[in-house]
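S.K.: Here is how the chains run, residue by residue.
There are 4 protein chains.
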Amino acid sequence: MAIRLTVACPDQIGIVATIGQLIAKYQGNIIEANHHTDAGAGWFFMRHDIYFPTDFTKLDQLQRELENISQALQLQWQLIQPKRPKRVILMVSRQSHCLADILYRWRSKELNIEILCIISNHQDLAQEASWHNIPYHYIPVPKQDKTAAFNQLAETIDQYKPDLIVLARYMQILPPFLCQQYPGRIINIHHSFLPAFAGAKPYHQAFERGVKLIGATCHYVNDELDAGPIIEQDMVRINHCHSIDDMVRLGKDVEKNVLARGLRLHLEDRVFIHNDKTVVFN
Amino acid sequence: MAIRLTVACPDQIGIVATIGQLIAKYQGNIIEANHHTDAGAGWFFMRHDIYFPTDFTKLDQLQRELENISQALQLQWQLIQPKRPKRVILMVSRQSHCLADILYRWRSKELNIEILCIISNHQDLAQEASWHNIPYHYIPVPKQDKTAAFNQLAETIDQYKPDLIVLARYMQILPPFLCQQYPGRIINIHHSFLPAFAGAKPYHQAFERGVKLIGATCHYVNDELDAGPIIEQDMVRINHCHSIDDMVRLGKDVEKNVLARGLRLHLEDRVFIHNDKTVVFN
Amino acid sequence: MAIRLTVACPDQIGIVATIGQLIAKYQGNIIEANHHTDAGAGWFFMRHDIYFPTDFTKLDQLQRELENISQALQLQWQLIQPKRPKRVILMVSRQSHCLADILYRWRSKELNIEILCIISNHQDLAQEASWHNIPYHYIPVPKQDKTAAFNQLAETIDQYKPDLIVLARYMQILPPFLCQQYPGRIINIHHSFLPAFAGAKPYHQAFERGVKLIGATCHYVNDELDAGPIIEQDMVRINHCHSIDDMVRLGKDVEKNVLARGLRLHLEDRVFIHNDKTVVFN
Amino acid sequence: MAIRLTVACPDQIGIVATIGQLIAKYQGNIIEANHHTDAGAGWFFMRHDIYFPTDFTKLDQLQRELENISQALQLQWQLIQPKRPKRVILMVSRQSHCLADILYRWRSKELNIEILCIISNHQDLAQEASWHNIPYHYIPVPKQDKTAAFNQLAETIDQYKPDLIVLARYMQILPPFLCQQYPGRIINIHHSFLPAFAGAKPYHQAFERGVKLIGATCHYVNDELDAGPIIEQDMVRINHCHSIDDMVRLGKDVEKNVLARGLRLHLEDRVFIHNDKTVVFN
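Chains as they are written, first to last, in full-length UniProt numbering: chain A, 1 to 282; chain B, 1 to 282; chain C, 1 to 282; chain D, 1 to 282.
Treat the hints as calculated values from the structure; they're not laboratory data. Note that the structure is predicted; figures quoted are calculated from it, not measured. Each hint should be verified, as a subset may be incorrect.
For each label pair, taking beta carbons as the anchor points, the in silico distance ranges come out as [unchecked claim]: (1) C:107 x B:274: 48 to 58 Å; (2) A:31 x D:276: 31 to 41 Å; (3) C:32 x B:67: 22 to 32 Å; (4) C:241 x D:25: 24 to 34 Å; (5) D:152 x B:155: 34 to 44 Å; (6) C:146 x A:131: 48 to 58 Å; (7) C:32 x A:110: 36 to 46 Å; (8) A:110 x D:40: 51 to 61 Å; (9) B:140 x D:208: 36 to 46 Å; (10) D:198 x C:78: 32 to 42 Å.
Each residue gets a CB set at the ideal place from its N, CA and C atoms; glycine is no exception.
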């Protein structure tokens, strides 16, 4: 029986031993282990993939023991069943490349997720949804007053009880109340190497500046624009021959790859958030 | 006889034919050719590496014909003898990695340059100079008043009549009068992926922001800080394990490689500046 | 009117001038130009993207003049209308990642092609074809005797008169007679950095050897296995944590990206073949 | 007091707990921890960087306890004082780029090593040694009979009692008896992406094949040519414009960077060898 244990807590002597003993007591075999101590922040992070014997029946007991330990050591911990797919909502606007990529990885079983629905402020990508028999919610967001739309959006999201919301090139800025409702559970892909070219039209900004590399950033959404904790970034080389259209085209490949990698890291519980930065075990 | 011809001019029909005919008339064989039309700016750029017969004696005549053509077509052009080393001044502060790298590439004959002198606001790197029998000018730049120092600097530079000045981690901002005196002839290496983290202590800024890539930018110096035309950039992957010291160490390798590549591109006359951006033929 | 001119010929003085004059005579504006001289082989390669005035009616005349020139200079040349989509057949087995990627790039208008049909030795990917209304030919290839199957395959291909055949993870070795029928017009993606790990199961070979990078190679097919001229290659970093399954998963992304890039280069007439190697203008 | 502990042993339940308890008992704080289980080989690898209290006096006692544990668990283990520099011999032929790079990293304190001597079969690089006050042993290796030379070489090496021998472009194949004497302690840099282009003149082989990437491989030397366990690899992009000389020049940068990274990984005890492959914690 595969179990994943993640732990974050103040740094202190003996954590590894205490946790290790507990796992050994239940005959757990640690398949993959990652630790990190952030000396500056005085914080400790740990992720274990563990195999317990197939006839393992003491998960509740293990859980109670972790509960007891956690008070003494101030642990924030999670016991996760890695085989259970996470429940995901995808949000898009008109650009299809990130959506098509995630749908492909999902239908080819590369991503272990349940896709609850696709939400969009446009109707353009309804066909991609219908090909895959996924509900498609069209919630237009009028420029002049977005309040009603965002309320409808929040309601729609809430009814699905998602584990995760993925902004797969959703070109609206989410309202703060929504961001605060799902902390560490909204992932965005920004089409620049943040913090360079934050905000609108990053490829136009990059073209103007004459940079030789363009990039993409997958990050958690918080209530400051394009400033949430970064999960993954990558770049692609460009040169003077590339028009803005070329940059958009090349950028699409980086965007979808960076989003897919960031998403996978999150789904495998490899990302910890602390002080607006991430610890990523990969 | 190897000759290099670079041309920049308003875009128009027939340039390639006109230049091509002229070269063929003198029995020139075009070894490497690069063209670029910047449609937005309406500007044309060209670089030819040409072999003329070994007994070629008509360089003056060719030059005169180019002179005549250039008036009609508004050409900015240069006939360059690529074998002649360019005259270079290196400027440094206390960090040695870029200097050591350039000196190595020079003594192993990878860079075709004549190093006129090394100028520094510190004495730390005098030994590197003396190992290579290169004059070392120590010109300290006091914080409170830099005027006298910069005048002495300008004088020192001027007396050498350099083709190029390389700021190989020279940690002072050059005064505008000096930048304007050598337009397109001062190269700097900045230790970030510009425009991200311009200004001081970019690695500290990158650490704070939690980025997953750090970079370096080789650019021409103009009178706006870290805003000159970019020649070359590159990045290296980092993660949560890397301290600022680690980033400094990893960054050094990117910095020296990006500077070496940018410098080589300039020395081979592959870089054209237009509207604060570069066209780089490589 | 956009026209593309590609030229390959023995290296000689005056080619650029002659071609340049001809283009200028018809008021052609060279938008993008690439030349290369292979000094060792004594061969010259050229590719021009040209704009002629919109009311251009003299294409036939230009063609005749090129014909005349070509005899004197031994030119191999092509005048291409870049807007006309090339006619492409896709061939697959059971793996869908390369096919899905090409279909996505096609339906999002990133690739300027007409997809004539999909041919497979398996039925697995019929749905991808039907989603896109593309004919799907299922031609099984029995292990014991492949002759009949390959004849049927050749017939099917021939009837479509394709410009290009793309082996998008078609896991059969094409018979020599078919390779020879479409020289320089069959593109394959091999899932290793050739020539390392040629032949079957490259990821297993890579795992055994313990390499730290795995790659993919897009190449033209000739009648020697995995030995045709290479168009494009790329790599991705792996480590001791990666199982063969992980390598397969990571490799898929490299494979489809390398194939997409190689395919695009071919479609834009940027690839020249000479002596089993390629000149790629990009 | 900084201590490093490396462990390799048959995989079994409870290792992490047992070791963790022992470290906690001595008030050790685990700064960096890495584990890996090779499920196929049934083998477990662990590396801990630990801080013990500054007045720690019980290293001997800890060592004895580890000794006791190691019998029960079949541990192969090492307690290492990471501050103590490893004793290194550098071997070179005529090419200087790897040597100059290592010497630079050593004199700028990036590499924590003691350089015992430089051994070469040529006299070319004696100046680099004398600049740094390092003994230089010139041991020519005549083509017709290498026995005497290799005996002298072995004697010279033995007298220094090195922890590590670095072949920094030493262009001779070491005799088997010498390889067997220093298993896992001889590091080589090969100028190709192994296993592609093993043996002599890899850049010539790469040029002939027309590959689009060239690489370098840092590996341990065993008694089979270019077949030892791989520590690190990297690649650089090339194209049809690059001559063999260009490839040699570009390759130098990859070679020295890959060697420097591989060397650093070894020096930090991050590399484990098992079944001719490596586990590299980085």
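S.K.: Each hint: holds or not?
M.R.: Tested hints:
1. For the pair residue 107 of chain C and residue 274 of chain B, the beta carbons lie near 38 Å from each other, so the given range of 48 to 58 Å is not met.
2. Against the hinted window of 31 to 41 Å, the Cβ-Cβ separation of residue 31 of chain A and residue 276 of chain D comes to about 23 Å, which falls outside the hint.
3. Between residue 32 of chain C and residue 67 of chain B, the C-beta spacing of about 29 Å keeps the proposed range 22 to 32 Å intact.
4. A beta carbon spacing of about 30 Å between residue 241 of chain C and residue 25 of chain D agrees with the range 24 to 34 Å that was offered as a hint.
5. The hint said 34 to 44 Å for the Cβ distance between residue 152 of chain D and residue 155 of chain B, and at roughly 57 Å that hint is violated.
6. Distance hint check: the CB atoms of residue 146 of chain C and residue 131 of chain A are about 35 Å apart, inconsistent with the given range 48 to 58 Å.
7. Range check, residue 32 of chain C to residue 110 of chain A: about 38 Å between beta-carbon atoms, so the 36 to 46 Å window is met.
8. Remark: the range hint 51 to 61 Å for residue 110 of chain A to residue 40 of chain D is contradicted by a beta-carbon distance near 22 Å.
9. Taken as a hint, the range 36 to 46 Å is violated for the pair residue 140 of chain B and residue 208 of chain D, whose Cβ atoms sit roughly 55 Å apart.
10. About 40 Å separates the C-beta atoms of residue 198 of chain D and residue 78 of chain C, a value consistent with the hinted range of 32 to 42 Å.
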